[in-house]
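Student: Chains as they are written, first to last, in my numbering: chain E, 198 to 525; chain S, 198 to 525; chain W, 87 to 413; chain F, 87 to 413.
No wet-lab data here; the hints were simulated from the structure.
Accuracy of the hints is not assured; some may be wrong.
[Claimed, not checked] Stretch by stretch, here's where chain E covers chain F in the computed footprint (C-beta under 8 angstroms, at least three residues):
#, segment
1, 146-158
2, 175-185
3, 191-199
[Said to hold, decoys possible] Below, in silico cross-link-like pairs of lysine to any residue (SDA-like), each with a Cα-Cα straight-line distance of 20 angstroms or less:
#, chain 1, residue 1, chain 2, residue 2
4, S, K288, F, H394
5, E, K365, F, E136
6, S, K365, W, G160
7, S, K288, F, V209
8, E, K365, S, Q383
9, E, K385, W, E128
10, E, K419, E, I404
11, S, K365, W, R138
12, S, K385, F, Q131
13, F, K267, F, K285
14, F, K339, W, L368
15, E, K385, W, G135
16, E, K385, S, G428
17, F, K412, W, L368
18, F, K412, W, E366
19, F, K330, W, L351
20, S, K385, F, L130
21, E, K288, W, R210
22, E, K335, F, E136
23, W, K305, W, A400
24, W, K281, F, D382
25, E, K209, E, E483
26, S, K335, W, D107
27, F, K338, F, F369
28, E, K288, W, G208
29, W, K330, F, T379
30, S, K506, F, P390
31, E, K365, S, Q390
Heads up, the beta-carbon is just placed ideally off N, CA and C, and yes, glycines get one too.
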Amino acid sequence: MPDSGLTPELMKEMYYTMALSRALDDRLWVLNRQGRAPTVYSSNGHEAAQVGSAFALNRGEDWIVPYYRDMALVLAWGMTPREVLLHFFAKAEDPNSGGRQMMAHWGSHRLHILSTGAVVATQDAHAAGLALASKMLKDGRVSVAYFGEGSTSQGEFHEALNFAAVHKLPVIFFNENNGYAISVPQRKQMVVQDISAHAESYGMPGISVDGNDPVKVYEVTKAAADRARRGEGPTLVEAKTYRFVPHSSDDDDRAYRTREEVQEHKQFDPVVMFEARLLADKVITEADKAEIMKKIKAVVDDATTYADKAPLPDADTLGLYVYGEDGK
Amino acid sequence: MPDSGLTPELMKEMYYTMALSRALDDRLWVLNRQGRAPTVYSSNGHEAAQVGSAFALNRGEDWIVPYYRDMALVLAWGMTPREVLLHFFAKAEDPNSGGRQMMAHWGSHRLHILSTGAVVATQDAHAAGLALASKMLKDGRVSVAYFGEGSTSQGEFHEALNFAAVHKLPVIFFNENNGYAISVPQRKQMVVQDISAHAESYGMPGISVDGNDPVKVYEVTKAAADRARRGEGPTLVEAKTYRFVPHSSDDDDRAYRTREEVQEHKQFDPVVMFEARLLADKVITEADKAEIMKKIKAVVDDATTYADKAPLPDADTLGLYVYGEDGK
Amino acid sequence: MAQMTFLEAIRETLRQELARDERVIIYGEDVGVRGGVFRVTEGLQADFGEARVIDSPLAEAAIVGTAIGAAVNGLRPIPEIQFADFIFPAINQIVQEAARMRYRSNNDFEVPIVIRAPFGGGVRGGLYHSQSVEAFFGHVPGLKVVIASTPYDAKGLLTQAIADPDPVLFLEHKGLYRSIKGEVPEERYLIPIGKADRKREGKDVSVIAYGLMANLALKAAETLAGEGISVEVIDLRSIRPFDKAAILESAKKTGKVLIVHEDNLTGGFGGEISAVISEEALFYLDAPIMRLTGPDVPAMGFSPPLEHAFMITADKIADAARNLAKF
Amino acid sequence: MAQMTFLEAIRETLRQELARDERVIIYGEDVGVRGGVFRVTEGLQADFGEARVIDSPLAEAAIVGTAIGAAVNGLRPIPEIQFADFIFPAINQIVQEAARMRYRSNNDFEVPIVIRAPFGGGVRGGLYHSQSVEAFFGHVPGLKVVIASTPYDAKGLLTQAIADPDPVLFLEHKGLYRSIKGEVPEERYLIPIGKADRKREGKDVSVIAYGLMANLALKAAETLAGEGISVEVIDLRSIRPFDKAAILESAKKTGKVLIVHEDNLTGGFGGEISAVISEEALFYLDAPIMRLTGPDVPAMGFSPPLEHAFMITADKIADAARNLAKF
Ligand SMILES: Cc1ncc(C[n+]2csc(CCOP(=O)(O)OP(=O)(O)O)c2C)c(N)n1
Ligand SMILES: Cc1ncc(C[n+]2csc(CCOP(=O)(O)OP(=O)(O)O)c2C)c(N)n1
Ligand SMILES: [Mg+2]
Ligand SMILES: [Mg+2]
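All chains, full assembly: derive it from the sequences and hints.
Tutor: Structural data, given as structure tokens:
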């Protein structure tokens, strides 16, 4: 593990980020159930995949193009809980969109998180394009597109992989495979078991990894990033995971999966498992854990309070920023 | 060979169709150079792939969704030289479009040739849809989408393969890989050598075959059709071939490939090779050949004369058939 | 006669058509087990089986593209696009293939499909779950675009759309799904596509609208009636074809026309309606033809103040019609 | 000053911008070795290298989608769509991504790309190589849509489009490429997007047009001048934004307006222009606002009689303007 540069300090930070994301996520559901925000898209269950991959990159420097499920990712990338809550409550100060977008449509120029819409798979070409510029401008950056397995049915996913392969671009296509696209199980979405199977027909490496293990995800992502920086082109990474909650707060997953199935997967809860491992490996102590939890609670409370008090956007701003200033 | 049902009679008919297509194609270029029609899209070089695959199917019964390059295919499927020339000259009687479409946009309900537009890769989903209906209605038909290797860069190609695979549809995706998309060589279009490589990630068989050998193409296509009829789902077939002429009469291929390269491929001219083989195998005699050539000349002349004399569509017909009759 | 919501009227129509014609199939994302994200197709898979109510892969172009092929080969597919916002990946198949198949084949082929898509805002959908897309499709010869405003109309128009030999885009305003109820006969009936319905007679101002907007216009008319202003409400029911005769008749009668749509102004379908009036009824007009529409911004904001500022309301319609009446 | 064809003006502008700004890249299908199917980009790859003039895979969504990412990360991509007819696979990226990036990010991101696409008919292109697609895009807030009519304008507008911080769709009528010549200064100059150009002054009838149609309108005006009818020709130069002030000024002056486009009538951009006039200049009108457009058929037929019947000509414009003058 020291080989991959994953120090105990970093592992601790990873753990903190995962636990923070989970706690923040739990808070969002509570607030939603209280009627204080209409929509939650949840990263609950995906924390290891998102945080493990983020830590393998130059956070805030490399480009990410997130999926809506990627709250843990953007937290790892430098977005603060306050910023997440401002977005959730659709407040004027929301750095992602100024309250214009529904929750989970991330974006921050400062953090090199490309703004995202809701049409799945468009982000794959954006990441390839960011990488095309990086290659030309030799800025040393890697771009990463995140996406669900359902979105690989979209043609644009394939177009992006092909384009990136032909131009040997420094880009990683990072799939979070949770086995469902809303209610549609993977077997109705595709015939193959592994999303990584698509890599071969684009002549790029394709790797499937246990997405509940942040260390394995870290290692695989690091190798892909190194490869990209060496100018050897794109990699397709598949992190196999599970979402523990419905697709969104508008969904009811009892229609399409049993409670037993969900329970079974809970055995592999990435946050619980990583915590146990760090305790067992003595990377953290019980006392550390308690302190971290306390800190997280404070941070989540602070974010909630702050964002709750923040003003909504003024209706007059509706017409702003359709266009920029002309002719620079 | 008897195993695959390819009798000497059928081989002779295949040869006739290939030679007819070549002669007709030559005529189109002459007529174009005389200024009598503005556009030729040519199947010159692709005859074995098209005719070999057609003969492996129930011609006129199964559905084909052709590519614009597929004149030899539609001839094999039952379109007459007169009909081709009527289309070429954009005459009212053109059964493909009544003169509405540019040459090479095939279609005939009677012959089960689905009408085609020019936007590449849309036809792949159409073939899957035809097959979806065949599966539901149990009509025993196989559908075949034809397409160039360049068009596989379009996302819709992938969407169609995936859809067909998930639903185990009786469809064949038949690629004619001639190494170029207008001027763009395969290596700039994709990283892989074989279009058939895409099959694996859709869990279907993918087969590359010498597209200049109509018998090999026949056999591969027959196996795919049998599989489809057995309810085992789609197959991706790649026939490797070459086009001997520019992309279209508007193209000048000297900009992107050497004369030497073209000459080299001419060694494998499918019409010349198949003729030599049939003569060597005594499937046809020199006398047969002379007779066939005579017949072809007569047929091509007749088609030219007939179509030349046929009336153009009346300008008043412009507004017809935007919609059909309401509410059947 | 049963009272039904708009959503139920659509579901029961689908059920009736699935039952009476084996060629009818439904597919789209989540339409099966889950019954659609709005529950429009709830229960249909259970009743008609997985072969006829299909959970398709997440690929709109493939959904429409395969529907085209299936229709040509004998089925009557009713594909669903989960939100109209996600129709753009399929627009190539709709515009260049479905809508053009008959024309390009000189009447040799036809594509009888009905593409259903929920659209419109005011339901906290934000930029990507609120869009009005009708102008893109109202411009396309070969396609029909239907937008119903009541449960009764929804059934008759959807039944007609399914019977229609041409591709129909059937847009359902999300704001109507559960907010309105109405009588819906159990037996099958057809409402012709291209005939407007004068939902209210009036003599001072004509409001031309469709879908949710027609309902809001009726509310506004009610308000204005109390003020002595008589508003006529023409519900277009379809924008391609659209009922020129009904529009012109009303415009000539009242001399004052207000066109309302939620879609943004510039290049919206209201321009077409206005143009037709000024081409053919200019000298009957007593006031400029007015349009009340969504603002010219890329889409509807998510935050309540932005959404409210964007949305058309009965009050806004009443204000505009009042001003016009006073002109 | 050099005399150039419309096509040469575009090529030389691209060359000038490639030379002055290293961030500018060009890509698309066949734009490199082959110099494009119309030869617009001929020689540019030889001069600027394969890294900056790229033969891309055959995938319009990827072409525009990667251009968006590249623009965000510092380049100034000028993707080409080989024919406007083939822009539909990319419309999702254009409408939902490029045009909305600034708005959805509350001004945090911008997408400075110029999408070039040849469009229009009369060149024996048939149903799939002749389309006018501007109405689809003129409706999209966040996007700019430019259509030049002369070599001079083409250079100034394209230069401005490349300098513009927002996505611009730059549509080039194929009928203009080699048919017209004009003076084009060698030095770089900008023509603002959104300002119409009064290409001819007149007092009896205003013709509002753009692209090839503006040229045909000028010919028609010449003819009518001989008959004593004075026609004003307003060349919009861009339809989004479009120059409302210039249109209204001309409409108020002549009182008779003829709008011309090759795109089909219903839902075409002419409706918008007409609506704006009747909203803001109704009482200056002496005649109905007329539109002369392509017919409402899915696309332009290939056979000469069909193509001729479809196309707008100077004669058709003259006829329409003459009738209007007589009104
Ligand atoms: C083009 C498009 N079609 C439909 C949708 C609606 N939709 C949102 S999320 C989703 C499922 C995505 O599943 P997956 O990619 O597996 O991601 P997950 O939610 O499982 O993380 C669908 C159908 C969309 N956003 N975009
Ligand atoms: C979507 C789309 N984009 C661009 C074109 C223009 N175009 C016509 S043929 C062609 C090349 C196709 O190459 P390939 O698929 O290899 O077929 P081939 O001509 O070699 O048989 C292109 C780019 C098109 N028809 N459709
Ligand atoms: Mg998933
Ligand atoms: Mg090819």
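Student: Does E366 (chain W) lie within 20 angstroms of K412 (chain F) when you go C-alpha to C-alpha?
Tutor: Given pair K412 (chain F), E366 (chain W) holds - Cα atoms ~17 angstroms apart, limit 20 angstroms.
Student: Taken at face value, is the distance from the CA of I404 (chain E) to the CA of K419 (chain E) at most 20 angstroms?
Tutor: holds (12 angstroms)
Student: For the pair we were handed, K338 (chain F) and F369 (chain F), check the Cα-Cα distance against 20 angstroms.
Tutor: holds (9 angstroms)
Student: In terms of beta carbon proximity below 8 angstroms, does the segment 191-199 of chain F have 3 or more residues touching chain E?
Tutor: holds (count 6)
Student: For K330 (chain W) and T379 (chain F), compute the direct alpha-carbon distance and say whether it is at most 20 angstroms.
Tutor: Given pair K330 (chain W), T379 (chain F) holds - Cα atoms ~18 angstroms apart, limit 20 angstroms.
Student: Within a Cα-Cα threshold of 20 angstroms, do K506 (chain S) and P390 (chain F) meet the stated pairing?
Tutor: Judged against 20 angstroms, a Cα distance of about 15 angstroms means the pair holds.
Student: Quick one, are K365 (chain E) and E136 (chain F) close enough, alpha carbons at most 20 angstroms?
Tutor: holds (14 angstroms)
Student: Take the C-alpha atoms of K385 (chain E) and E128 (chain W), compute the straight-line distance between them, and say whether it is at most 20 angstroms.
Tutor: holds (18 angstroms)
Student: Counting residues of the segment 175-185 of chain F with a beta carbon closer than 8 angstroms to any beta carbon of chain E, are there 3 or more?
Tutor: Our answer is that it holds, as 4 residues pass the Cβ test (under 8 angstroms) against chain E, meeting three.
Student: With the threshold set at 20 angstroms, check whether the alpha-carbon distance from K365 (chain E) to Q383 (chain S) stays at or below it.
Tutor: Status holds; Cα separation ~15 angstroms.
Student: Taken at face value, is the distance from the CA of G428 (chain S) to the CA of K385 (chain E) at most 20 angstroms?
Tutor: The hint holds at about 17 angstroms.
Student: Assess, step by step, whether the Cα of K288 (chain E) is no farther than 20 angstroms from the Cα of G208 (chain W), and give holds or violated.
Tutor: holds (18 angstroms)
Consistency note: the structure conflicts with none of the earlier hints.
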